[in-house]
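Starting from the known structure of chain Y, fit chains X and V onto it as the hints suggest.
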Amino acid sequence: MSSAPLLSVSDLRVGFATEDGIVQAVDGVSFDLRPGEVLAIVGESGSGKSVTAQTIIGLTRANNARIEGAVTLDGKDLTSASDAEMRKLRGDRVAMIFQDPMTSFNPVYRIGDQIVEAIRTHRPDTSKGAGKARVVELFEAVGIPNAAGRVDDYPHEFSGGMRQRAMIAMALALEPEVLIADEPTTALDVTIQAQILDLLEELNREHNLATILITHDLGVVAEVADRVLVMYAGKVVEEGTLDEIFYDPQHPYTWGLLGSLTRIDRPRPHRLPQIAGSPPSLLDLPEGCPFRPRCPHEFSKCSEYPGLEARSEAPDHRDRCWLNPEQKREKRQVEGQIGLEAPSGANKA
Amino acid sequence: MPTEPSAERGPWSLALRRFLRNRLAVAFLALFFLIVVFVLAAPLWANHVADTGPNQEHTVDKVTVNGEEKDVVTPEGKPIGPQWFGAGGKFFLGADSRLGRDEMVRLMYGGRTSLQIGITAALIATIIAVVLALLAGYFRGWVDGLIARTLDVIWSLPVFLIGLSLGIALAVGGLKLGPLEVSSGSIWNPIFVISVFTVPYIARPIRGQVLALSEKEFVEAAIAQGASPLRVMFGEILPNLASTIIVFFTLMIANSMLFEAGLSFLGAGVQPPNSSWGTMITVGVELLNIQPLLAIVPGLMIMLTVLSLNIVGDALRDALDPRGKARLDAALQFEAHAGASGAVGGSAI
Amino acid sequence: MVRFVVRRLLAMIGVLFAVSVIVFVVFMVLPKQNPAQTLAGKNATPVLVKSIEEEWGFNDSLVVQYGTMMKKIFTGELTSYKPRIPVDEQIKEGIPATFSLTIGAAIIWLFFGLLLGYLSAIRAGGWLDRILTGVSIAGISIPVFLLAPVLLYFLTYKYEIFPNAQYVDFTEDPWEWARHLILPWFTLALLSIGFYSRVLRSNMLDVMNEDYVRTARAKGLSERQVMTRHVLRNSLIPVITLFGLDFGATIAGTAIITEVLYSLDGVGLYAAEAVRKFELPPIMGVAIYGAFFVVFVNALVDIAYAYLDPRVRLGESSSE
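Chains as they are written, first to last, in this note's numbering: chain Y, 1 to 349; chain X, 1001 to 1349; chain V, 2001 to 2320.
So that you can see chain Y by itself, here it is in the shape it has in the complex (with noise of 0.2 angstroms):
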């Protein structure tokens, strides 16, 4: 991997009108991508990591989106790049998959045309034929079976984990430099969840593929990632390798995420661990830290708004939290694992 960055997001703000107010969806978030890394980033919805994803490609712009702050690709301002320079750029060099496989393609015009579209809107110059010889192609490399006899079905004649394939096999149609995955597991079953993560991996390596995977799951991300972001209430909490974030978490959050986690190798809690409280309305965030609320560890210091700091040895391992790092060594531990404990007095059910 070379050292320069291929994407970079600074200071990423995105505001929505709303009657009710202005939703901060994105808030100030930051961070690198290499050619050839996978980053995950982590949160429950509303943390704002959807919004941040669609924000790169320009999905998010409308009238009443308010977008501040830069986003770079290899060189070149994206925020202020015009509607037709974004448009060349999606699907080309930075290519995106989304949630559902089942209302993602087009259910009246076969899979094979709309991967084709895709092709033929950037290279106007292919034949429907090679169009197609190309969607054989790809449908191989993502492990579809009878590859060119199922290019001129419907999505309907799909199953849910095939139809996955080919949305990945659409986005490599063009051989981006960037895919954004968003939650591309989450409607999927366990077993052809994994498939795809398995898939999504071979992709990159073979490919040097950057690739952004954005998931509420650390299930998933423990199989592809290399390094984390983790999103609340639209900000960064923590950031940094996955070993970084997996065996020395420094934001409560984190753990709360981490001791959530069903494992095969502990033995089963009473009951499954969860994160006391919901994540907080966006028109009405407390002041200083956002995670207060349902924070058991929190002190007076939490009510100033805690910066995004290396406080432990690692430089690039970064994290909003006041408390130092004995202290979160000593606070994460729950029932001799990670975990976050529920605050006193709140309800444990």
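Treat the hints loosely; a few may be bogus.
[As the list claims (entries may be wrong)] Derived list of chain Y stretches under chain V, where covered just means 3 residues or more per stretch with a C-beta under 8 angstroms from a C-beta of chain V:
1) 80 to 91
2) 95 to 106
3) 112 to 121
The set of hints was computed from the structure by calculation and includes no laboratory data. Glycine included, every Cβ here is placed at the ideal spot set by N, Cα and C.
For chains X and V alone, kept in the frame of chain Y given last:
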């Protein structure tokens, strides 16, 4: 929209408050009630103001207007125009034709007939439709097959045309359906015709809802407790259909009134000596160039009544189930337009 | 696809049979009195009634009666009684006027309805959308028999802009043909323009929120391509079904009243005249032919829908 949780208020009072907030709907509801009062006042007006009945002819009579004596019907056959209060309220809207009947009195009595038929037909159709839908959706199997097939056949007929045929056949010959016998001039004939063709509009969507509801747990629970089919259908499922039924009933009154007007206009609905707004238009159209009011006023009354019912029905739907709006909207639009009411030009919105 | 068409046409035959039985029941079985009396009309002489009885065989079983009725209708033996003219000849004479009216109006309402619906949807919430919604609601609420007399009085009598009444055949004089049809076209179309524009608008707004539209944008398609290839294509499919059903209903319904109000010599006017004279055979004929036409159009609509939406074709049910 942020709302306070209102655990104390039942869904009906919540719906009522939502409805009352819709000022347009409240205004039109008031208009509808005014129209009802208007037609109910027919005998009062006839006896105390106009001093004549709806079918009393005054071909050779004279009336005193502001001291002057005028022919009710000129020797050329032209009926007198609106006198307003010039003759103390007699011939308020003028005379209706060569027969010299009091147009205002006829308008009120005719309105009675129109409303009677509209409301009764809608009521009968709704009751039958709900029973059929419950039976079909609950028992399924061959019961559903039979009912659904029959409804489909009626639904695919050119409703107005067949209704016209039935209307005229009954007008000539009366009705004999097993023990049910109706003489040829009765208003039960048009009520019968309209009800028969209105049933599928209501039954089809409600059957869909019953099918969906009967899969829900509370129905299974009731059956497990030993509830008889009758209890389940009328005790568990029916209450959940209440809002749909109310909305449909309101809109079907409008539908039925339009259907009746169309039938009566052509002579296959209300028969003399009875009259309705529809029959009045027939008479009025013949004298259009001489006295346009005679055709336009009854038409206007129909329009105002139908419009009020449509707006109120629309508002009821919003008030009772704001989330389900899209689904019900599509169903109602589709069903209501492509049929009898659409045939005479107007539709439940 | 072929299998679907075959299945659908077979089903259509089933429905046609059911329709003919219904017409039979309506005219012969339901009325209280002797069907011959019904057929003969209101002021029929006993001689007429007797001859009808014999002709139609009302002493035979119901099944035979049904057979006789069908035979009479389709072999052109069905006649009205005063005067004695074969029904199907009259119907044929009325077809040009009826079709001119309905097809012309349909073209107008489709064009404007869909155009306005499209504009409302892409500028949803804007001032254009709100004006169009208001116009639509007004259009839907005005019944034919209010609109027509108003238009007739003001535009043909008071200010003689348009000719009053009568149908002029296209082959005689195309210009007059159109001039005489403008008001009727407008009357029929106004009601539906509002409705269709709202339906298209609502469909488009739903489709624009679909995931596959987002995918299309993510692929790099231009807005215009997204709108035409994905949004419109999917939004128009339900409109086509609606139109098919609506057209059938209009021909067999609203058109009748419109023809009466504007004195256009079409099938509808013929039927209405028969109603006025209490003559049943013409109505029976029109009912059967009309019903067959509508059922046929419905079958065509289903086939067109299956062609456009592959989910229906291959056995998967889409709604309900």
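Each hint, compared with the structure:
1. 80 to 91: Coverage by chain V holds here, the residue count being 5 at a Cβ distance below 8 angstroms.
2. 95 to 106: holds (count 8)
3. 112 to 121: holds (count 3)
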